[in-house]
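Chemist: Residues per chain are reported as follows:
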Amino acid sequence: MKATAPGVSGGDIVGLRPEPALETNNHRSEEPTPAEARLLRGWGRTAPTTAHVVAPRGPDEVAALLGVFDARGQGAGPDGHTGRGGVIPRGLGRSYGDAAQCAGGTVVSTEHLDRIGAIGSGGSVVVGAGVDLHRLICEVLPSGWFIPVSPGTRQVTVGGAIAADVHGKNHHRDGSFCQHVTSVTLATPTGVHRVGPHDDPTLFWATAGGLGLTGIVTEAIVQLLAVDTSWMVVDTERFDDLDGVMARMDQSDMSYRYSVAWLDCAARTSRRGRAVLTRGDHAPRAALPRGTEPVRLPRRPVLRVPVPAPRGLLNATTIAWFNELWFRRSPRNQSGELSTIESYFYPLDFIADWNLLYGPLGFVQYQFVVGDAEALRATVDTIGASGVPSFLAVLKRFGAGNPGPLSFPMEGWTLALDFPIGPPGLPGLLRRLDDVVMEAGGRVYLAKDSRLSPDALHAMYPRLDELDSARRRVDPEGVLRSDLSRRLQFAGGVR
Amino acid sequence: MNNAFGVPQSMVVLGGTSEIASTIVRRLAQEGCRTVVLAGRDAIALATAAAATIEAGATLAPTVTFDARAAGGAAACVDECFASAGPDVDLVLMAVGQLGEQMADEGDPDRTAEMVTVNFTWPATALTAAAARLRRQGHGRVLVLSSVAGVRVRRSNYTYGSAKAGLDAFALGLAESLRDSGVVVQVIRPGFVTTKMTKGRDPAPFATGPDDVASAVVAALGGGRLVVWVPSTVRWVFLALVHLPRVLWRRVPG
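Chains L and V, in that order, are what the protein sequence lines are.
Sequential numbering of the first sequence, starting at 1, is according to the working numbering.
Sequential numbering of the second sequence, starting at 1, is according to the working numbering.
The set of hints was computed from the structure by calculation and includes no laboratory data.
We put the CB at the ideal spot given by N, CA and C, even for glycine.
Mixed in with the good hints there might be a few duds.
[Claimed, not checked] Pulled a few chain L residues facing chain V out of the computed Cβ check, cut under 7 angstroms:
1. Leu39
2. Thr46
3. Ala47
4. Pro48
5. Thr50
6. Ala51
7. Gly104
8. Asn315
9. Thr318
10. Leu357
11. Leu361
12. Pro427
13. Leu429
14. Arg451
15. Asp483
16. Arg486
[Claimed, not checked] In silico negatives: residues of chain L with every beta carbon more than 12 angstroms from chain V:
17. Arg38
18. Thr153
19. Asp372
20. Arg472
Could you put together the complete structure from these sequences and hints?
Modeler: Right, here's the structure in full:
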């Protein structure tokens with residue numbers, strides 16, 4: 001028989017670990033939560049930095065922690081470190097770049113803010129910032145509810161979804177995540193604020209997509225979407241060129257709740273921009289064949305990438321093969337196919353740590369939005385002509401944006417691309433794309449950024465001063481900072 | 001902060017008038033580096049280098065003077081450089097060095113001492129001071145300009161070569177000590193580089209120019225390879241050369 005020593009990691013000791021103390025009111029711990037110096041990286045694995053990581057055991061501890069940092073350098077946090085290096089929250093670390101890092105400062109992990117309240121009759125639910133969307137779905141789906149907006153992965157926290165104001169395949173109809181949040185509990189260096197679209201809207205919208213720079217969301221009230229089943233009815237169509245798919249999306253996106261196209265930007269000129277469009281809706285009970293269980297909960301990833309893949313596994317040739325294979329296996333035209341939530345919304349969640357496939361150097365994701373179709377065509381041509389290999393790109397038509405000064409979506413076309421680090425032409429290509437996007441009055445998505453310049457940021461987000469004045473009100477000393485805000489020189493990162 | 005490609009926004013150059021360093025600085029300024037602190041011995045040459053740096057796109061190029069013959073001043077020099085750079089230093093480039101005159105140096109203990117100080121003691125002291133600051137900062141990169149002269153020391157420049165060998169080994173050890181700290185150390189080992197420092201000497205096989213070194217450095221920033229050989233082929237050449245019997249090694253030209 002094998003003895004399990006305490007402290008050995010693995011499933012068998014889960015039961016031995018003391019329950020995290022959520023009810024901080026009746027549980028005042030004697031010792032402060034310890035901070036630990038840890039090397040943190042984004043999902044793209046590109047620019048790791050070290051910070052003190054603290055995991056407060058409840059909303060009160062978050063507030064207390066930020067209160068200490070109020071007068072910069074005056075207070076001392078756990079282990080004696082001061083807030084001088086800045087403070088930023090972090091969930092599951094799924095932002096691609098440096099948004100949830102704070103070199104030399106303090107990173108507040110939201111892992112213990114994991115409370116899910118009872119679902120109200122109208123479908124609203126109080127959720128802790130550290131709850132991930134997978135857990136939330138599993139919790140609410142059996143009673144006929146679904147999350148209002150699904151990003152490309154379930155492995156993000158509610159706090160992260162608010163901080164990045166994530167969007168999904170239903171943006172053209174339902175807007176982004178924060179448009180379904182009715183209230184947010186925000187811990188700041190000057191106290192705790194409860195804000196919503198009708199209650200201090202300025203601070204609420206600055207927080208929506210505000211990348212944690214206005215404070216740490218500890219809890220939020222989310223308005224869920226009523227669904228009949230856990231199944232999706234999906235129509236798939238294949239297009240040989242960009243114009244075809246864009247015209248179809250323009251015409252008939254509105255008759256579906258969800259719509260997204262996968263685009264091949266790396267193919268040779270004749271086939272550049274070929275695409276597969278998938279559109280769908282939640283399946284009503286009546287659409288299910290007899291004997292199908294109406295609710296099937298999504299499962300955690302089944303495969304895991306153990307170590308970073310060798311350098312150059314994903315190169316121009318393998319990427320072209322992959323794109324070809326993916327295009328050919330998609331049906332030319334298929335309608336009414338039943339699909340599960342995980343295969344429709346989260347195809348990549350099937351493999352945990354898929355980012356390691358990009359090898360030791362990591363990768364850059366570039367997502368931008370532009371108002372007009374002409375600018376989108378220009379970017380696709382620029383990418384194709386550069387010869388820099390890019391994985392399947394994701395194309396989506398956005399509906400109108402929301403009032404958040406740092407919220408990414410705006411009416412128009414958005415394209416998301418993955419580029420492995422390595423090709424010498426890549427930095428220059430991305431700078432050229434920045435120029436096209438800026439020229440067209442568009443912007444790039446900061447939750448995915450790891451290489452924009454401060455000048456480009458200030459041109460793309462002209463309302464940064466609104467964010468900043470809201471931020472100053474609750475964080476006058478500029479305690480809330482991330483590697484991203486320092487790199488792009490805005491909010492507490494100064495300019 | 002360094003971006004995803006390792007391009008810094010602020011850097012400190014120790015040995016800021018070196019031709020290789022200037023070329024690297026110019027390239028990084030073009031890529032988006034805005035603050036460049038140039039430290040060197042000659043104030044006039046530094047002013048010229050600072051002007052060129054601004055010309056290339058940097059917005060700030062303060063200068064700091066020091067004398068690498070006095071290792072005791074290294075830590076203070078690093079302090080001054082960090083203070084002029086602002087809140088963060090993303091990259092420290094160690095380009096201090098002096099080729100010397102082998103024949104004169106080897107007969108003169110004082111000159112030998114100076115060669116060792118300038119090429120090893122001062123740089124190692126400064127690197128120690130810089131590493132401590134970067135570790136506290138939680139991020140940053142250190143580039144150390146080494147040389148293939150230190151990979152296998154030759155009769156014709158053994159004083160310089162041995163000091164470089166020391167610095168190279170020191171940097172490798174430093175890199176190991178900074179693992180998982182967020183600070184990356186990279187050692188650049190160029191072959192013979194045709195610059196003002198090597199002027200008048202016969203170029204060795206596989207000679208490169210400062211531009212080649214700068215390109216290799218910029219490319220390496222995105223990677224994080226510990227040792228960067230320039231050109232990359234000298235790595236394999238030296239793999240063979242270190243095992244060459246001494247009788248033959250003596251006859252290798254260069």
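Chemist: For each hint, tell me whether it holds in the structure or not.
Modeler: Taking the hints in turn, this is what the structure says about them:
Residue-level restraint check for Leu39 (chain L) holds (minimum Cβ-Cβ distance to chain V is 5 angstroms; threshold 7 angstroms). Taking 7 angstroms as the C-beta contact cut-off toward chain V, the hint placing Thr46 (chain L) at the interface holds, the least distance being around 4 angstroms. Interface hint at Ala47 (chain L): satisfied, since its Cβ lies 5 angstroms from the closest Cβ of chain V, which is below the 7 angstroms cut-off. Taking 7 angstroms as the C-beta contact cut-off toward chain V, the hint placing Pro48 (chain L) at the interface holds, the least distance being around 6 angstroms.
Contact between Thr50 (chain L) and chain V, as hinted, is supported at the beta carbon level, the nearest pair being about 4 angstroms apart and thus within 7 angstroms. Against a cut-off of 7 angstroms between C-beta atoms, the interface hint on Ala51 (chain L) holds, since the closest Cβ of chain V lies about 6 angstroms away. With its C-beta approaching chain V no nearer than about 4 angstroms, Gly104 (chain L) sits inside the 7 angstroms limit, and its interface hint holds. About 15 angstroms separates the beta-carbon of Asn315 (chain L) from the nearest beta-carbon of chain V, more than 7 angstroms, and the hint is not met.
Given the 7 angstroms rule on beta carbons, the hint for Thr318 (chain L) is violated: about 19 angstroms separates it from the nearest Cβ of chain V. At a threshold of 7 angstroms, the smallest CB-CB gap from Leu357 (chain L) to chain V is about 17 angstroms, leaving the interface hint violated. For Leu361 (chain L), the interface hint holds, since its Cβ comes within 7 angstroms of a Cβ in chain V; the closest pair sits about 6 angstroms apart. For Pro427 (chain L), the shortest C-beta to C-beta distance to chain V is roughly 5 angstroms, which falls under 7 angstroms, so the interface hint holds.
Using the Cβ-Cβ criterion of 7 angstroms, the hint placing Leu429 (chain L) at the interface with chain V is not satisfied: the shortest such distance is roughly 12 angstroms. A cut of 7 angstroms between beta carbons decides the hint on Arg451 (chain L): the least distance to chain V is about 4 angstroms, and the hint holds. A hinted interface residue such as Asp483 (chain L) counts as satisfied when its beta carbon comes closer than 7 angstroms to some beta carbon of chain V; here the least separation is about 5 angstroms, so the hint holds. Interface hint at Arg486 (chain L): satisfied, since its Cβ lies 5 angstroms from the closest Cβ of chain V, which is below the 7 angstroms cut-off.
The Cβ of Arg38 (chain L) sits about 9 angstroms from the closest Cβ of chain V, inside the 12 angstroms cut-off, so the non-interface label is violated. Distance check on Thr153 (chain L): its Cβ is at least 20 angstroms (rounded) from any Cβ of chain V, clearing the 12 angstroms threshold; non-interface status holds. Remark: the non-interface label on Asp372 (chain L) is consistent with the geometry, its nearest Cβ contact in chain V lying 28 angstroms away (cut-off 12 angstroms). The Cβ of Arg472 (chain L) lies farther than 12 angstroms from every Cβ of chain V, with a closest approach of about 19 angstroms, so its non-interface assignment holds.
Going down the numbered hints, you'll see the structure goes against 8, 9, 10, 13 and 17, while the others check out.
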